[in-house]
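Q: This is what each chain is made of:
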Amino acid sequence: METSIWHALLYLVGILAFAGLNAAYLGYCERKGAARIQRRSGPTEVGYAGLLQPLADGIKLMSKQLLVPKGVDGIIFRAAPILAMVPAITSMAVIPFSGNIQARAMELSVLLLFALAALAMFAILLGGWASGNKYALISSTRAVSQTLAYEIPMLFTVITVVLISGSLNLQDIALDQQGGFWRWNIFRIENGHFLTMWISFLIFFICTIAETNRAPFDMAEAESELVAGFMTEYGSMGFGLFMMGEYLNIVVAACLTTVLFLGGWDCPLGLIPGVWWFLIKIYILIFTFIWIRWTFPRTQIYKLLNLNWKILIPFSMVNLLITAVLIKVF
Amino acid sequence: MTVPISPRHDETFVLNLGPQHPATHGVLRVKLTMDGEYIVKAEPVLGYIHRMHEKMAEAGTFAQFMPNTARMDYLHALAFNHGWALVVEKAAGIEVPPRAEYIRVITVELNRIHSHLLWWAANLLDLGAFTPLLYAFDDREQVIDLLERVTGSRLTYSYMRFGGVLNDIDEDFIAGTRAFLVRLRERMPVFYHDLVTSNIIFIKRVKDIGIITPEMCRRYGVTGPVARGSGINYDVRKDEPYSVYPHFDFDVPVFHECDSMARYMVRVQEMEQSMRIIEQALDALPDGPIMAKVPKMLKPEAGYYYSAVETARGLLGHRLVCNGDKNPYKLKLRSPTFSNLSLFGEVTQGMLLADALAFLGSLDLVIPEIDR
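In order, the protein sequence lines correspond to chains A and B.
Per this note's numbering, the first sequence runs over residues 1 to 330.
Per this note's numbering, the second sequence runs over residues 1 to 372.
In isolation and in its complexed conformation, chain B is listed as follows (with noise of 0.2 Å):
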């Protein structure tokens, strides 16, 4: 419900919502100017959580920014891993083997439907559902416990290495990825679309809410699930491809409503098409090392590089200078969510409090990955 107003100075007061507040999911701050329970200007306040990464980046050789990725974006990590490889590669003309980059896409797309179930189990705590975040918590749990035989972590992987992946995947992985993927096939008509998406309290929470139109997109610079939630049909991996995704058939679920719902599909429907991607991927998988040869001090001839990926919450783009030096000279992140959380003030002018608060749940905000 957005109604014009236009109160009275005296009539406003200013409600601090975070840094530390249960809906924001992180150190977000938006400072709220209220007429009553209506926001009348949104400011996200942002820094709480700034840790200089991509300051770091030039103080370490490029093997030693790998861990730092991870930390960004912790829902996502791995295609973090897989931006930086990427960009890296890209710079030192780095062959990966066919195998590594398989794997790559397994493990990523693993992340991914991690990242998705995590935002839905969030996004309903932030409408007041307690009970899917545990279910959704459940299936999420899986997918931890077959990355981190692999990996050896849990959340924050650094799995990737120029030229390929730490570890190979074994017939176990394998076996335990299949069954996960039938074993969530099943319970999500159940636990997800049965207990939720056709709820009816659910439905009036989220469609109509949150409109974002196409042409802000363009003006904010809106991509992923967001963008595509609005009828732009565009996916890093389809439009500007990378690693082995050509190779794979998969759909790239686009809603025109631009609500909250809509992005809401549109994350629902990827986790299905991850899940076609990986089927794919083990199918096919190729044997051969999961390793290229790769020297072991890295020295990129000067110059300037970029690569882009598709995580979870739209386009990372990774914009590399080297200066033939052992470490990067300069890099600068492109990350989705900043410019995702940019257009909160634009879209809650005039928005109920409760409803921008589920707005906030549905751009699908990581923190850590705004500041860096």
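So that you can see chain A by itself, here it is in the shape it has in the complex (with noise of 0.2 Å):
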């Protein structure tokens, strides 16, 4: 791998690009999605379409004062914003968005990222506690244990993936996927995987919703119990890191569900695989995501930890064994 300085500058520029972008678009496809799904249309009024929209909000948020109430632990408090953005970002460097782009790559890439998922959980845990609010605390005390519940199944289903490619490189995971969706994970044709991956595929995309923190999961930010969660003392760039981290996190979530389970920069017939292959299959997720969000209540924090305690976590177990008697028996 070329090491030059020139290498490392532009991964940096593409990755802050890339995640600005995404941190502030997602926001806005988000508003757009949601109001074609109920009938309105959302912002119209910035730029062409709204188009400017985030900017304007991204202006507004940033000339707001950064209110530190009292009783607050302030470096705790100022820090824990920052610190929901920087996992995710971070993660963005050993991702492969395909044969040829990827600012790092790692051997244990898998592990990293998952690492950095645990890392992000602290920002929630920290604005939390540091705010002073009750409601704020409870909404800390929901995530973490929401997050830690979630990543046992997740870590399972993932080394199925990894038992079947035989690496913990996400390159490597990616790359023996090529050639057509029958040789993607999802689908995986070879000593029959099709039968077991589907449910780990299923399985892992229920987690990454629960590890986000999203709606239908979204109990750290059930605004009509918690108010905001723990954004509640949260105002001006504190609010707007939060988000972006949030929207980031996703990106992340869906960059990893697709080297892992859906072929990464491959094409489902084979041809032309490419770096628009991986965007179209984010995208696609992160349309999912916007959608689930849409349309379901929310579920209740003992219901969300008995499906992952009696559900999840002994199908995925079930799952990892079957999947490791198939590589043995083939």
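These aren't lab readings, by the way, just hints derived from the structure by calculation.
All the given hints hold, so there is nothing to weed out.
No farther apart than 30 Å at their CA atoms in a straight line, the calculated lysine-lysine pairs in the DSSO-like style are these:
hint	chain 1	residue 1	chain 2	residue 2
1	B	330	B	238
2	A	310	B	204
3	B	31	A	303
4	B	41	A	70
5	A	134	B	31
6	B	204	A	134
FRET-style restraints, in silico, Cβ to Cβ:
hint	chain 1	residue 1	chain 2	residue 2	range
7	B	334	A	63	51 to 61 Å
8	B	306	A	310	54 to 64 Å
9	B	134	A	236	25 to 35 Å
Beta carbons: idealized from backbone N, C-alpha and C, even for Gly.
Each of the two chains sits in its own frame; use the hints to bring them together as a complex.
A: Given below as structure tokens:
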């Protein structure tokens, strides 16, 4: 791998631009998508079809005073929103967008991604704790118990993928799935993996919704119960960073799903693979996130945990066992 | 999920829910003593929007109190109009022409559909579903437009007069109402039942949550859809008929499950029954005047008068004391939501915060009507 300073700088700027654009415009897409579903038109005023709305929102948020209420742990309160952004952006360094677009190919990139995902939880925990607000505190305890619980089935399903590919390197996992949709992990025909992998995919997808705190699993910011959850005391760019971090987590989750299950940058029919296929796949996944959010009511924290401990974890364990047996048999 | 809990005193904390909180839909404050996410004690605190409406009634003439009635239950304002008109007509001995009575029933029932639609939307919002709110508001907008045509206002109507109504309804209103009924019947199965009633998450959130036993209903004086969701077959329109309700053939939906789902089903089916009443009233609408001959200044004979109507939330009683003057001597309202809220503390003991708020939504509270 080339390691010149220009390579690093190019990727740094590229990833920051990709992250910034996504964080800003996913908010716009979400509003437009929700508006379509709800038979409204969404933002229309700022720019053509409201396309400059994220810019206007950004300027508004940045020009507001960063209010730090009394009785708040000042340092942690200010640091938490930054902590919400950092892991998500860092994760993008190891994601293989195509065969030759990847900032850093690491041997253990899957592990790194999950470590960073766990770090993202700290932002919510610290933000909620430092706010000195009871709603924020309840929200952050919910977020922690939810994230911890859902990491277990998520990792079990990832292990099935790792077993099939024989590597913890995202690039190798994606390369292993090249050559048409029948080689993607979700539909993999060889060794009969399609029997179990779609279950893995389903469990993984449910877990990513829970991990990113999206509806119907948005326990941490259930506005009818906890006002705004851990963000209650945040205004200005503190709030803005939390929102951007949330969208970036969704992007990372979609990227990870694409690489692990949907063949990365591979074309479904094995023709002209490239980064565009990767982008199409992640935006279809992101649209699904938006679609689900604006269709379903919220679940309840204990039902959410029951779903995890009583259904997802047993299923993912059995799934892992069957996958391992299939690999051994064939 | 209700569990018996006996927390240590130093492990509980007090959570102030409201008076400004997205789930209380108004200025209700609930003082919650919590053990983690479980509620140990819930104490509704009222008075944040108290405006002394009953005292205001004593200060003005009978007619001057009519606009106040709409400011109490702003979601079913016409029923409050109707209740006040009925008790004063009883006191002054005014006969209302049949056409006026029919128009009253049509508008009140339209208003009831509007109220239930808004409750449906708000309840779903409490459960975290935002999209159904806009579908319901789409339908609600039609009702408001129709009522605006005849009453002149969109929310706080002062449409009823002692002895009749303010404006007559025209052919456009009748055609519009029929079109609305067809439209709502078409949309009901798709936008309401497919999307929400049969949704697994929704069912899990409301089934077996917030059990109100019939015994509890009697103790707290619960009426309306909340009581009918607990198996109590009581509807003022059927059991103590007023106006021209006896002329119409309609059912009173009663469910025996006592949970939030039962209350949900009662309200959804009541919309259907209201549509039936409106259809029959439109078909049988008599001709004639819309106002009786009423003296300019009402001076009812001294005495005690009482009348009750069924609002979207339950029994609304007016107890009027007259002393032969042009002002009411005393007025006491018995509003349904006050009783319906009073059981909140007992039901939510040991409940999760999330379930308690879903339950609060199923009670269909209108806070200005509790505080008056």
